[in-house]
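Taken in order, these protein sequences are the chains called X and R. Anchor point for the first sequence: position 39 equals 230 in our numbering, and the numbering is continuous, going up by one each time. Anchor point for the second sequence: position 151 equals 153 in our numbering, and the numbering is continuous, going up by one each time.
Mixed in with the good hints, there may be bad ones.
These stretches of chain X come out as covered by chain R in the derived footprint (C-beta under 8 Å, 3 or more residues) [stated by the list, open to error]: (1) 241-252; (2) 273-286; (3) 298-307.
Which stretches of chain R does chain X cover? Using the computed rule of at least three CB atoms under 8 Å from a CB of chain X, they are [what the hints assert, rightly or not]: (4) 68-74; (5) 97-105; (6) 142-148.
By construction, these hints were calculated from the structure, which means they are not laboratory data. From the three backbone atoms N, C-alpha and C, an ideal C-beta is built for every residue, glycine too.
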Amino acid sequence: MEVPILKQGPYLIASIQSALSDADLVQLRDALVEQVGRLRSRGVIVDVTALDVMDSFATRTLRDITFMIRLRGAETVIVGIQPDVAFTMVQLGLKLEGVPTALDLEEGIAFLGKKDTSPAKEASPRGR
Amino acid sequence: MDAERNPMAAAASAERSFEHSRDRVLEEIAVRINEDTDIVSARQKGRVLASTLGFSSSELTLIATAISELARNIVLYAKQGEIVLRLLERGEQRGVMVRACDQGPGIPDIRRALQGGFSTSRSLGLGLPGVRRLMDEFEIESRVGHGTTVTARKWKR
Numbered sequence: 192m193e194v195p196i197l198k199q200g201p202y203l204i205a206s207i208q209s210a211l212s213d214a215d216l217v218q219l220r221d222a223l224v225e226q227v228g229r230l231r232s233r234g235v236i237v238d239v240t241a242l243d244v245m246d247s248f249a250t251r252t253l254r255d256i257t258f259m260i261r262l263r264g265a266e267t268v269i270v271g272i273q274p275d276v277a278f279t280m281v282q283l284g285l286k287l288e289g290v291p292t293a294l295d296l297e298e299g300i301a302f303l304g305k306k307d308t309s310p311a312k313e314a315s316p317r318g319r
Numbered sequence: 003m004d005a006e007r008n009p010m011a012a013a014a015s016a017e018r019s020f021e022h023s024r025d026r027v028l029e030e031i032a033v034r035i036n037e038d039t040d041i042v043s044a045r046q047k048g049r050v051l052a053s054t055l056g057f058s059s060s061e062l063t064l065i066a067t068a069i070s071e072l073a074r075n076i077v078l079y080a081k082q083g084e085i086v087l088r089l090l091e092r093g094e095q096r097g098v099m100v101r102a103c104d105q106g107p108g109i110p111d112i113r114r115a116l117q118g119g120f121s122t123s124r125s126l127g128l129g130l131p132g133v134r135r136l137m138d139e140f141e142i143e144s145r146v147g148h149g150t151t152v153t154a155r156k157w158k159r
């Protein structure tokens, strides 16, 4: 089940629609890392609202996505982690350290908007 | 189902409670695990089965996540195996049992496999400490070269 990636102005939005296999998550990672360069996106939002389970593999892959995209010069925010999923992640000791999260799509877009106008961001060259 | 026991399994002795003669099996589902998409179907079946006992939605998420971790270990280390899901009754209690069996390489150092978390370098990254935290009971038997069986149970509160 491939995750649709929508281009919304300077951002990419990956909206997960259903449970994902490990291969689907890796496919999403590679697609985002590629498209963020091709489309010269400033930020990426990964919407995980539909995920009823975030296990160690999913968590690690979301962290990898965030760090790889940061290395490419853009910012990622994970939105929509459900209360039960957050509870389980805490029980498991799974952390998303260094990975920005926001409540929902709207908050995610607001977060990226704030990031995008930071002086550091403007000063940094956008070499790909 | 009661496989030959490995002295190494003594590492998990604190949690060990052998196949309970008092446990009555209300229902059982077995899910073959051969590839990563089977991880998703095992956890979905487990969630549906456990929901019939009236677990809360956060408990169902814990159970589904534990199944996911155990099924992934099978795919990663043994390539194939089976997840057995049972509804159990023990006295007044009802609960769900998740058992992951494989004939894979086995775990040479169970004590180490149960240490730490996902982020510590000492962890073997098997996800077993996490599963142990999520569930009420946790048992592991493993023989190098023969395979691994992990059994975990969660009781309805």
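Okay, the hints, checked on the actual structure:
no.: 1; hint: 241-252; result: holds (count 8)
no.: 2; hint: 273-286; result: holds (count 10)
no.: 3; hint: 298-307; result: violated (count 0)
no.: 4; hint: 68-74; result: holds (count 3)
no.: 5; hint: 97-105; result: violated (count 0)
no.: 6; hint: 142-148; result: violated (count 0)
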